[in-house]
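Student: All chains, full assembly: derive it from the sequences and hints.
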Amino acid sequence: MITLRPDLAIIAANVAAGSRVLDIGCGDGALMAALQRDRQCDARGMELDPHNVAECVARGLSVIQGDADADLADYSDGAFDYAILSQTLQTTKRPDQVLDELLRVGRRAFVSFPNFAHWKVRASLLWNGRMPVTRLLPVAWYETPNIHHVTVRDFRELVAAKGLKVEGAWFLSGDARISDAAASWRAEHAVFQLSS
Amino acid sequence: MASATLPSASQVLDLIAPLPLDGGQRLADVQVAFETYGSLSASKSNAILIFHALTGDQCVASPHPVTGKPGWWLRMVGPGRPIDTDRFFVICANVLGGCYGSTGPASLAPDGQPYAMRFPVITIRDMVRAQISVLDAMGIDQLHAVVGGSMGGMQALSFAANWPERTRAALIVASTARHSAQNIAFHEVGRQAIMADPKWQGGDYYAAGKGPDAGLAVARMAAHITYLSEEGMHEKFGRKLQDRSAKTFGFDADFQVESYLRHQGLSFTDRFDANSYLYITRAMDYFDLAEEQGGKLAEAFAGATARFCLISFDTDWLYPTAESRTIAHALNAAGAPVSFVELSAPFGHDSFLLDVPALDRVIAGFLGQ
Numbered sequence: 456m457i458t459l460r461p462d463l464a465i466i467a468a469n470v471a472a473g474s475r476v477l478d479i480g481c482g483d484g485a486l487m488a489a490l491q492r493d494r495q496c497d498a499r500g501m502e503l504d505p506h507n508v509a510e511c512v513a514r515g516l517s518v519i520q521g522d523a524d525a526d527l528a529d530y531s532d533g534a535f536d537y538a539i540l541s542q543t544l545q546t547t548k549r550p551d552q553v554l555d556e557l558l559r560v561g562r563r564a565f566v567s568f569p570n571f572a573h574w575k576v577r578a579s580l581l582w583n584g585r586m587p588v589t590r591l592l593p594v595a596w597y598e599t600p601n602i603h604h605v606t607v608r609d610f611r612e613l614v615a616a617k618g619l620k621v622e623g624a625w626f627l628s629g630d631a632r633i634s635d636a637a638a639s640w641r642a643e644h645a646v647f648q649l650s651s
Numbered sequence: 019m020a021s022a023t024l025p026s027a028s029q030v031l032d033l034i035a036p037l038p039l040d041g042g043q044r045l046a047d048v049q050v051a052f053e054t055y056g057s058l059s060a061s062k063s064n065a066i067l068i069f070h071a072l073t074g075d076q077c078v079a080s081p082h083p084v085t086g087k088p089g090w091w092l093r094m095v096g097p098g099r100p101i102d103t104d105r106f107f108v109i110c111a112n113v114l115g116g117c118y119g120s121t122g123p124a125s126l127a128p129d130g131q132p133y134a135m136r137f138p139v140i141t142i143r144d145m146v147r148a149q150i151s152v153l154d155a156m157g158i159d160q161l162h163a164v165v166g167g168s169m170g171g172m173q174a175l176s177f178a179a180n181w182p183e184r185t186r187a188a189l190i191v192a193s194t195a196r197h198s199a200q201n202i203a204f205h206e207v208g209r210q211a212i213m214a215d216p217k218w219q220g221g222d223y224y225a226a227g228k229g230p231d232a233g234l235a236v237a238r239m240a241a242h243i244t245y246l247s248e249e250g251m252h253e254k255f256g257r258k259l260q261d262r263s264a265k266t267f268g269f270d271a272d273f274q275v276e277s278y279l280r281h282q283g284l285s286f287t288d289r290f291d292a293n294s295y296l297y298i299t300r301a302m303d304y305f306d307l308a309e310e311q312g313g314k315l316a317e318a319f320a321g322a323t324a325r326f327c328l329i330s331f332d333t334d335w336l337y338p339t340a341e342s343r344t345i346a347h348a349l350n351a352a353g354a355p356v357s358f359v360e361l362s363a364p365f366g367h368d369s370f371l372l373d374v375p376a377l378d379r380v381i382a383g384f385l386g387q
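If you read the sequences in order, they're chains V and F.
Convert by adding 455 to the 1-based position in the first sequence; the result is the number in our numbering.
Convert by adding 18 to the 1-based position in the second sequence; the result is the number in our numbering.
Calculated from the structure, these hints are not laboratory results.
Treat each hint with caution, since some may be false.
Stated by the list, open to error - Here chain F is said to cover these stretches of chain V; the calculated rule only asks that three of the stretch's residues, wherever they fall, bring their Cβ under 8 angstroms from a Cβ of chain F: (1) 499-508; (2) 512-519.
What the hints assert, rightly or not - Which residues of chain F face chain V? A partial, calculated answer using Cβ under 7 angstroms: (3) ARG93; (4) THR266; (5) PHE269; (6) THR344; (7) ALA346; (8) PRO355; (9) VAL356; (10) SER357; (11) VAL359; (12) GLU360; (13) ALA376; (14) VAL380; (15) GLY383.
Ideal placement from N, C-alpha and C gives every residue a C-beta, glycine not left out.
Tutor: What follows is the structure, given as structure tokens:
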């Protein structure tokens, strides 16, 4: 059995069996494959990179080449039980609108993102005065696809402002789960389950 | 070519019943010429039907009877190839209206004379209906997949929409769900070129043994431009001169691109019947899968249960990516499992016939399931 990236493993473990899932930014399709195989989901994917789409199709997955900012509009309201956006929110042009779209096409949504308020990021900014380059944010500021960095607190605020419900929140440091306490600076990575 | 040719490796099916056509007529004594590759499994579940494009034929992986060139999709079809004939039984039939053994305008009507322009105007669905007869004759209830590029993709779409229970998968490459005004316009230029040639004679040129070659060549030249990308054409020809060091201040083929197009046009007349070209382009122009559903493409796929895969090419301006994306969205709305990918290739519309390794990977992966 293939080991999933930790944030994907959390999502996979919390998706109800047999549900309809849209994985936006599905990459090579690892999560979709796991959801279909282990949880009998009807999983669909959207992915920008044609090489990844080709890889997914070769795995027998149903993936459409598209862009979270532009192409979610083509899906009808409530078409999916879950819309999943893993490590992609910070790369979109309008994360707030993408969030709206997620909870329009999906009855529930999973969103995972690297926490920009992790202590290493804070330390790097504080001590070096430079945009941090870390394990989860490995690319220099001028070429990073991550154009909307977000922290756990920022995300909670946006979710609250939109009146969305947080049904679950998971935090990771390295590959290990950590408690909610002090997640704001200890979490490298956050996973949220939302509903409207 | 003012006649029809039957390739030596082809078989011919004589349809017992008249074929009902979308135009309302019933066409009697229809023949369908086809080739097969690989072997049909005992359960008859491993068959793939490949539909050919406008000027293609059933010689998908066998030498062409006129030009002697290798099969048009030899790089895709064969043992160990992406459409693996060690595993799949591949069928490819000449379309109705064609000139390689299936009934078309060059065929003899019941009065013993060629149909010529008395041949009924046919549709993409009529072409598919004729090929369904081949599956019926072979006892194949359900295909592993239908596969087609360009006009072949239209037939694959028509098959999956109109006979949804007869295939488990549909692979559509560089195609569209309807012909656009621009598509129709280019075809009309070609048809007018043929009809303006005095040798066309209202279509009755078969007895003369010589058809409207000049007109057909111009039709092919105009169409050929739409199969290439501007970038590819520029790279291949630029403004380079043909076997000369200076412009001649005349109307010879000074430029390499002129010489190339003239050659493409002329050699085409050796292998294609002008009336077939008229009828097949007309069928493509009439194609609009959503028309019967009041323009709602998703409804055309309401009963579809097959897996779908759509592939477009970034340099194809004949059937651009937006067309494939529209189909993918409609299939999604209809709840069908669908994949869509735009591949990068420099060859324009013709990319589906040429060396694009990513295409091989996607096709092998999709059909291998």
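Student: Answer holds if the nearest beta-carbon of chain V is closer than 7 angstroms to that of ALA346 (chain F); otherwise answer violated.
Tutor: 5 angstroms, holds
Student: Is the interface hint satisfied for PRO355 (chain F)? The criterion is a beta-carbon contact with chain V at less than 7 angstroms.
Tutor: 4 angstroms, holds
Student: Restraint: THR266 (chain F) near chain V, CB-CB cut 7 angstroms. Satisfied or not?
Tutor: Violated, because the Cβ-Cβ distance from THR266 (chain F) to chain V comes to roughly 45 angstroms (cut-off 7 angstroms).
Student: Examine the region 499-508 of chain V: at least three residues should have C-beta closer than 8 angstroms to a C-beta of chain F.
Tutor: holds (count 4)
Student: Under 7 angstroms is the threshold here; is the Cβ of GLY383 (chain F) close enough to any Cβ of chain V for the hint to stand?
Tutor: 3 angstroms, holds
Student: How about the region 512-519 of chain V: do at least three of its residues have a C-beta closer than 8 angstroms to a C-beta of chain F?
Tutor: Holds, because 8 residues of the region 512-519 of chain V bring their Cβ atoms closer than 8 angstroms to Cβ atoms of chain F.
Student: Take the shortest C-beta to C-beta distance between ARG93 (chain F) and chain V; is it under 7 angstroms?
Tutor: 17 angstroms, violated
Student: SER357 (chain F) was flagged as interface toward chain V. Is the shortest Cβ-Cβ separation under 7 angstroms?
Tutor: 5 angstroms, holds
Student: For the hint on ALA376 (chain F), does the least C-beta distance to chain V fall short of 7 angstroms?
Tutor: 6 angstroms, holds
Student: With chain V as the partner, please determine if VAL380 (chain F) meets the hint condition of a C-beta pair closer than 7 angstroms.
Tutor: Holds. Min distance 5 angstroms.
Student: Using 7 angstroms as the Cβ threshold, decide whether VAL356 (chain F) counts as touching chain V.
Tutor: OK, holds: VAL356 (chain F) within 7 angstroms of chain V, min 6 angstroms.
Student: Given THR344 (chain F) as an interface hint, is the shortest Cβ-Cβ distance to chain V below 7 angstroms?
Tutor: 9 angstroms, violated
Comparing the model with each earlier hint shows violations of hints 3, 4, 5, 6; every other hint is respected.
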